[in-house]
Amino acid sequence: MGRQRNRVLLKIIIVVPYMLVLYIFQSMVFPYLKISGVAPLLLPLAVAGAALFNGRAAGGVIGIFAGILCDLSFNQSTIVFTIFLAVAGVLLGAICDSVLVKGFPSYLLCCTCLLILCGFVQMFPLVFLHGVSILPLIGVVFRQTIYSVFFTIPIYYMARFVSRII
Amino acid sequence: MKDFITKKGIYIAIAAVVIAIIAAVSVAISGGRGDLASMLSQPFFRPLRSAVTALVDSLESIYNYMYSYDEMEAENQELRNRVAQLEEEYREYTQMSQEVDRLRELLGFSETREELKFTPVSVISWTASNFASSFTISRGSNAGIELYDAVVTSTGYLVGQVTGVTASSATVTTILDTTMSIGARVYESGGTGVAQGDFQLFLDSKLKMSYLSEDDEIIIGDTVVTSGEGGLFPSDLVIGYVDSLVASSSGLDDYAIIRPAADINGVTDVYVVTETAISGSEVQ
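Just so you know, the sequences run in chain order V and D.
Reminder that position 87 of the first sequence reads as 87 in my numbering, one-by-one numbering, no gaps.
Counting from 1 along the second sequence, just add 166 to a position and that's the residue number in my numbering.
Hints are computed from structural coordinates only; laboratory data are not their basis.
Where a beta carbon is used, it is the ideal one built from N, C-alpha and C, also for glycine.
Mixed in with the good hints there might be a few duds.
Every beta carbon over 12 Å from chain D, so not counted as near; a handful from chain V, in silico [said to hold, decoys possible]:
hint	residue
1	5
2	25
3	57
4	72
5	82
6	106
7	126
8	130
9	134
10	135
11	149
Reference excerpt, derived from the structure (chain V facing chain D, CB under 8 Å, subset only) [unchecked claim]:
hint	residue
12	4
13	6
14	94
15	98
16	123
17	140
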């Protein structure tokens with residue numbers, strides 16, 4: 001019982017700083033380092049890592065946590081990303097458990113798909129609620145995905161390190 | 167010994183007197199600068215004394231260097247601390263000077279708009295979203311900030327609107343955001359319309375003014391201000407300047423592209439309009 005509690009504490013001690021570091025970079029550093037008018041998304045990459053290395057449960061839990069932080073970093077009071085990344089983490093975890101091999105190419109594939117989906121989730125309210133033309137939005141989604149994909153390399157190793165502990 | 171003194175005493179006394187006389191004479195001759203012994207010994211001891219003196223001097227200088235090195239190091243450290251302190255004071259002074267400049271600008275603006283009350287705030291962070299333009303400010307409802315308060319620069323240029331408030335912070339959506347719509351008026355011609363964020367223009371840090379009347383004579387460079395209609399924004403806050411005009415084929419969807427007067431993406435300190443005559447009249 002005590003050992004199990006210690007293990008849970010260890011997981012929290014490892015995961016919380018890992019997520020906070022990604023949150024700080026996503027919300028406080030990269031908004032000032034935009035390339036072609038866009039900043040990268042880092043937290044979804046952590047969800048993809050947890051789903052690939054630890055399966056659907058970890059993907060879901062990290063997804064909730066990353067989603068809350070994403071909603072905070074987007075200055076929005078809604079919980080769109082909390083729900084979306086939690087569901088995405090579970091689904092991605094299920095796919096990774098059954099289909100994908102645990103390696104960088106799989107991680108890159110998961111990240112790219114998740115980033116594209118994140119972009120679509122971000123652009124939908126603008127399309128449906130504010131009537132914004134879809135083409136410039138897709139351009140931003142594309143640029144955001146490309147910029148974010150560069151960070152899969154360092155985050156892959158971070159995610160793998162964290163996954164071995166949790 | 168007693169016998170020696172008895173027998174030779176007279177010679178000893180004579181010798182002593184002679185030596186005393188010679189010594190007195192030598193002192194007299196040298197003008198009091200030295201005695202005979204020293205005069206005689208100088209040629210022999212001078213080189214030795216010089217060498218010893220040089221050695222002592224060098225040893226003393228080494229000692230002094232080592233001793234004063236610590237002092238110099240301490241002094242150097244003290245001066246470094248002083249320089250750091252002065253640099254810090256200079257930074258504070260520069261910041262205060264900039265703040266004074268901003269407050270002077272605001273004072274000049276607020277003197278012309280006495281019905282408005284301003285609350286100074288700092289920008290804490292910008293949104294990480296690439297699809298929105300908003301930032302978080304350092305004060306919230308505890309400072310009297312309310313939802314939909316207008317946010318301006320020290321010169322009174324419109325920056326945005328408060329769209330979320332907590333006790334200690336608030337979210338400001340800028341005028342560039344796609345969700346933003348503001349009742350606007352062209353200052354020169356008096357023509358009215360709606361200044362609104364447009365996603366394509368948002369990427370170029372511009373916005374557009376739609377619903378223009380065909381009769382409005384708008385020219386590039388005209389100033390666009392808030393109309394005050396709707397009560398959300400105080401009137402006559404400068405939104406920006408007409409950058410270009412876009413005509414539609416039907417003539418119904420003409421719009422003007424507006425370049426914001428404020429450097430929206432570069433603001434660090436802004437002012438929230440916490441009280442206006444509009445809100446006062448609404449309360450009454």
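How the hints compare with the structure:
The beta carbon of residue 5(V) sits about 34 Å from the closest Cβ of chain D, which is more than 12 Å, so the claim that it is off the interface holds. With a closest Cβ-Cβ approach of about 10 Å to chain D, residue 25(V) is found to fall inside the 12 Å limit, against its non-interface label. At roughly 27 Å from the closest C-beta of chain D, the C-beta of residue 57(V) stays outside 12 Å, upholding its exclusion from the interface. Under the 12 Å C-beta cut-off, the non-interface status given to residue 72(V) relative to chain D is violated; the minimum distance is some 9 Å.
The claim that residue 82(V) lies off the interface holds: its Cβ sits roughly 15 Å from the closest Cβ of chain D, which is beyond the 12 Å cut-off. No beta-carbon of chain D is positioned within 12 Å of the beta-carbon of residue 106(V); the least distance is around 26 Å. Not every C-beta of chain D lies more than 12 Å from that of residue 126(V), the closest at about 6 Å, which undercuts listing it as non-interface. Under the 12 Å C-beta cut-off, the non-interface status given to residue 130(V) relative to chain D is violated; the minimum distance is some 5 Å.
Non-interface status of residue 134(V) relative to chain D is broken: a Cβ of that chain comes within 12 Å, the nearest being about 10 Å off. Annotated as non-interface, residue 135(V) brings its C-beta within 12 Å of a C-beta of chain D; the closest such distance is 9 Å. In this structure residue 149(V) is separated from chain D by more than 12 Å, as the shortest Cβ-Cβ distance comes to about 15 Å. For residue 4(V), the shortest C-beta to C-beta distance to chain D is roughly 36 Å, which exceeds 8 Å, and the interface hint is violated.
This hint is violated: residue 6(V) has a C-beta 35 Å from the nearest C-beta of chain D, more than the 8 Å allowed. For residue 94(V), the interface hint is violated, the least distance from its beta-carbon to any beta-carbon of chain D being 28 Å, above 8 Å. Using the Cβ-Cβ criterion of 8 Å, the hint placing residue 98(V) at the interface with chain D is not satisfied: the shortest such distance is roughly 33 Å. Taken as an interface hint, residue 123(V) checks out: its beta carbon lies about 6 Å from the nearest beta carbon of chain D, inside 8 Å.
For residue 140(V), the shortest C-beta to C-beta distance to chain D is roughly 5 Å, which falls under 8 Å, so the interface hint holds.
The structure does not agree with the numbered hints 2, 4, 7, 8, 9, 10, 12, 13, 14 and 15 stated previously, though it agrees with the rest.
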